[in-house]
Amino acid sequence: MTNQDFPLIFERSKEGRVSFNLPEIDVPEVDLEAELTDTYVRQEAPDLPEVSELDIMRHYTGLSNRNYGVDSGFYPLGSCTMKYNPKINEDVARLDGFSHIHPYQDPKTVQGALEMMYDLQESLKEITGMAGVSLQSAAGAHGEWTGLMMIRAFHEANGDFHRTKVIVPDSAHGTNPASATVAGFEAVTVKSNENGLVDLEDLKRVVGDDVAALMLTNPNTLGLFETEILEMAEIVHDAGGKLYYDGANLNAIMGYARPGDMGFDVVHLNLHKTFTGPHGGGGPGSGPVGVTAELEPYLPKPLIVKQDDFYTFEYERPQSIGRVKPYYGNFGINLRAYTYIRTMGAEGLKKVSEYAVLNANYMMRKLEKAYDLPYSQHCKHEFVLSGRRQKKLGVRTLDIAKRLLDFGYHPPTIYFPLNVEEALMVEPTETESKETLDGFIDTMLQIAAEVENNPEIVQEAPHNTVVKRMDETTAARKPILRYYKA
Amino acid sequence: MDFRFLPMTEADKTEMLDTIGVSSTDELFSDIPEKVRLKEVLNLKAPKSEADLKKELVQMANKNYNLKEYISFLGAGVYDHFIPSVVDHVISRSEFYTAYTPYQPEISQGELQAIFEFQTMISELTGMPVANSSMYDGGTSLAEAVNLSAGQTRKKKVLVSKAIHPESQAVIETYGKGPNLEIVYIDHVNGRTDLDQLAKELDENTASVVIQYPNFFGQIEPLAEVRELLNKQPKSMFIVSSNPLSLGYLTPPGKFGADIVVGDTQVFGIPAQFGGPHCGFFATTEKLMRKIPGRLVGQTTDENGLRGFVLTLQAREQHIRRDKATSNICSNQALNALASSVAMSSIGKHGLKKMSELNMQKARYAKQRFEEEGFEVISNGSFFNEFVVKLPITVKEANDKLLEKGFIGGYDLATYYPELEGHMLVAVTEIRTKEEIDAFVKELGDIHD
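Residue numbers (my numbering), protein chains in the order written: chain A, 1 to 486; chain B, 487 to 935.
Everything labelled a hint here was simulated from the structure, so no lab data went into it.
Incorrect hints may have been included.
Between beta-carbon pairs, the in silico distance windows are [what the hints assert, rightly or not]:
| # | chain 1 | residue 1 | chain 2 | residue 2 | range |
| --- | --- | --- | --- | --- | --- |
| 1 | A | R317 | B | E501 | 46 to 56 Å |
| 2 | A | D96 | B | A925 | 18 to 28 Å |
| 3 | B | P720 | A | N65 | 43 to 53 Å |
| 4 | A | E234 | B | K642 | 37 to 47 Å |
| 5 | B | K549 | A | E234 | 41 to 51 Å |
| 6 | A | G16 | B | E857 | 53 to 63 Å |
| 7 | B | A685 | A | E316 | 30 to 40 Å |
| 8 | B | I669 | A | K204 | 34 to 44 Å |
Here the structure is a predicted model, which is why all the values come from computation and not from measurement.
Backbone N, C-alpha and C fix where the C-beta goes; we use that ideal spot for every residue, glycine too.
Could you build all of it, start to finish, from the sequences and the hints given here?
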C-alpha cells in the first residue's frame, strides 16, 4: 500500500477493536472443546478485520465515493436499462412484514407475501401475453437456462430426444449461447442481414428437426425490432422448435406489443432492468419466466396459486422441471418490481416504452452526424454506433469511453454487439430529462471533435478519476484475488 | 395521472419529434407489424400515488407474521441473526445499489475493492485460497460446484448426502440434467451421512462427493473421515457446503482438503426476506481458479502505480466464452455480498468466534431443556445450532398451537423426509434468550403432556 492508496478494511484493523456487541450469555455453558475435540475446533481464527463502528462507516462511505451509480449521473449503458430506481421500492422492501419473514412459515402466516407474488405473476402474464409465470429464477441468465430446460423437458416428453441444437443470432447476448450450452444443447449461430435483423434465408438453412429452439431478443441488441418475427416463428414452429424470448429489452415495447402475441413460447424478464430492480453493483437480480399454456406443466415448482381467497404453494406438478433455486426466487427484488408496476399501471408502463424509444431516437439522430450509424432505421430503446471513423484517426472506442469518464458520465456499452466494429451501444432510458440527453450529446460531439483535433487527450483519458487505466494484463497473468497480511 | 419517474414535458417531446423528423411517437413504433401490435390497454391495476401505494403495501406487509414480532425457532437454511445497523446504512448508499457491474474500473473502485475484501473474508472463513465475488445462493452455488466437478473429472457419477439441504438436492438434480449427471444419494443414519454406504459407492467413476457441514439436521459431519475415504479415490472431488457462521468455531473445510466449499452468507447481515435474495459463495483451490464460475476481482495497479482492482480472468466468463461456457452466471448478488462484508467486518475476528459459540451454547441449552421435558432428541454426535426433536404429534399441529402463543416453531422434517414424521428441526441463534427457550420448551412440553 502506498500513501495514496485507499486502505483495505484489513489495513484499518487493530487488535482488540470491536464494533459489535453480542448479547451476554444467559445460559449455562458447556465445554464445547471437549465435545468437538481438536479435530473439529478451529485452531486459527479467520483473519476478519478488527475495527470500530466509525471505522466501518468511514471505510464504506469512502468506497461509495469511489463508485458511480444511476443516482450519481447519466448511465447510458446499452442493454442494461440503467433507469432510475424509485425510493419507495427500497422502503417497501425493508418493511418488517416483508424483510423478516421465513420461507418455511406456514402459508397462513404469510398471506401478504403470497398475495404479492401471485399478483406479480398475474401482472407479468398480462404484460408478456403468456399463460403461466414462475418467479423462481434469480437473474436473466438463470431465467434463460430455466426456459431452455423447460423446452428440453417438453421435447423429451414428446419422445423427441434428438433436438440437440439451439439457434442464437450473431448479435445475441453472450448469456444466450452460454445458457444453451449449460442446458446441454449445442448453440448454433444464425446470421444477421444488412438491415441488422435475422437473415430469414440463413434461419431456414440452420433450422431442422434437430433444433430445440431459437433464442431471440426483440427488439434485438442493435435496438431494432425484428419485423419478420411472425415469419421466423412460423419457420421455427414448422420445424417443431420453440421460440425463446430474451426479455432484456422489454423496456422498448411495453403496452405496444407482447412476446406472447409474436409467437414466443417462453419468455424471461429481467426485473432488475425494466422493472427497476435495482442493479446493486452486479446483483441481485430476478429473472421470472413466462410460458404458453402448452409449456405450463414444465414450469419450476412450486407456483403460487389462489384457492378461494387463500394463497398457497402448488407442489403437485408432476411434469415440472423441478427446482431451479431453493425457496421461491429473489422475493425482495420481485417486491420492488411489483411496487414499480403498481406505481405505473398500464398507462405508465406504456409511457415508459414511449419515452425510452423517443429518447433513444432523439440521441441517435443527434449523434449520427459525428459517429457512424451502421443501421439507420428508427431504433427502439437503444441504438448502436460504430467508432470506426474515429479508429481510422487512431482513437479506439475504448478511449472514447474513458474520455466520457472525465465529464462525469458512465460510458455506453462498448464492443457489443459483436457484429458491429468498435461498437458503442447507447440506452438512455425514459427516466432521463432532455437536458441530460443534450448534455451527453454535446459531450459526445466534443469528443468527436477532440479525436480530430487533439486525439491525445482522448487516448490518454481518463484524466480526473481516482485511478487511471488499470493494468489488466498483469491482473490476469498473475492473479491476486485476496489480501494477505504483509 | 402524472408519473414522477418520467421527466419529459410536452414541449420537450414536440422538439424531440421535430429533431427526429416524425410527427408522433407512434411513428417510431411503426416497425412493429400490425398483426402483433397490441390493440387493447394492458389489464393491470390502476396506477397509485406514492402515499396510497405505500399505505396499501404496509397493510399487505402487516398480513405477514414477521420474525421481529414472533419468537422464531425456524432455521433449516435461513436464519434469524442480529443485523448490525451499519449494514443497512452502507448498502443504502446509492453509489453502491444503483450501480451496474463494475465494468469501468476507474469509476468503480468502491465496488471492486468491496468485492475483493469479500473474497478475502470468504477465503479466510473457508480455509480455501480463492473465492469468487458471489453466486445467487447456497443451493445454486452447490449445483454449480457439482457440474464443475463433472466437467473437471470427466465423470458423471456424483455422490450426494441426503443430509444436505433437500432443496439443494432438488437444485442439483435440475442442474445435473444439462450434463446428464448420475446422482446417487447417500442415506443418513440418525441425521448423519452413512459413511459405510459412501465407502461402497465411491469408485473410480465418482466425480465428487457432496457433504454439508454442519448438515441440514444441524450435525457436524466427520469431514476427516470423509477425507480418508476420498484419499482412496484422489481424482474424485470433495465438495462441502457450509454455514459460514459455524466456521467461526469449526475447523474449516479447507483443512480437510476440500476442493470446493460453497454456502450462503445470509447469516451475515442479510434478512430472511422469504428466501431471497440471499448470497451464495464459492471458494476453491488455486488449481481450479480458472474454472470458477462467476466473477472474480483481482488487485493490480494503474498507470501511475496506484493500487486498484479490476474484474479479472474474464476469459472464463460467459460473455467471452459464449458457446464454450461451463457456467452461464452473469448477474450475481453483489449488493448482498457487500452487506455480508459489512456484517463480517462488524462482527470481527474475535466476535465471529464468540457469536458462533453463543449459537452453540444456546442450542445446547435448548436441547438439554427438551430432554429434561422428556423429549427424544435425535442426534448422532455433535451439532451446531440446530437439532431434531421428536414430537408425539405432527409438527404442523405443534406449530399451529405454538403460533397462538407467539412462537414460530421449527421446521417440519416430514416435508422432505417421510420417515421423519413428527420430527421438528429446531434452530437456536444468538438472539434467542434463556426465557424464550424456556417458554418454547414449556409450550411444547404442555402439548407433550
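Outcome of the hint check:
Checking the proposed 46 to 56 Å range against A:R317 and B:E501 shows it holds: the Cβ atoms sit about 53 Å from each other. For A:D96 paired with B:A925, a C-beta distance near 22 Å keeps the hint of 18 to 28 Å intact. Between B:P720 and A:N65 the beta carbons are some 49 Å apart, a value that agrees with the proposed interval 43 to 53 Å. A hinted range of 37 to 47 Å holds for the C-beta pair A:E234 and B:K642, which are about 39 Å apart.
B:K549 and A:E234 have their C-beta atoms about 47 Å apart, which keeps the hinted 41 to 51 Å range intact. Checked against the hint of 53 to 63 Å, the C-beta distance between A:G16 and B:E857 comes to roughly 39 Å, which is inconsistent with it. Hint check: B:A685 to A:E316, Cβ distance near 37 Å, so the stated range 30 to 40 Å holds. Take B:I669 and A:K204: their Cβ atoms lie about 40 Å apart, and the range 34 to 44 Å holds.
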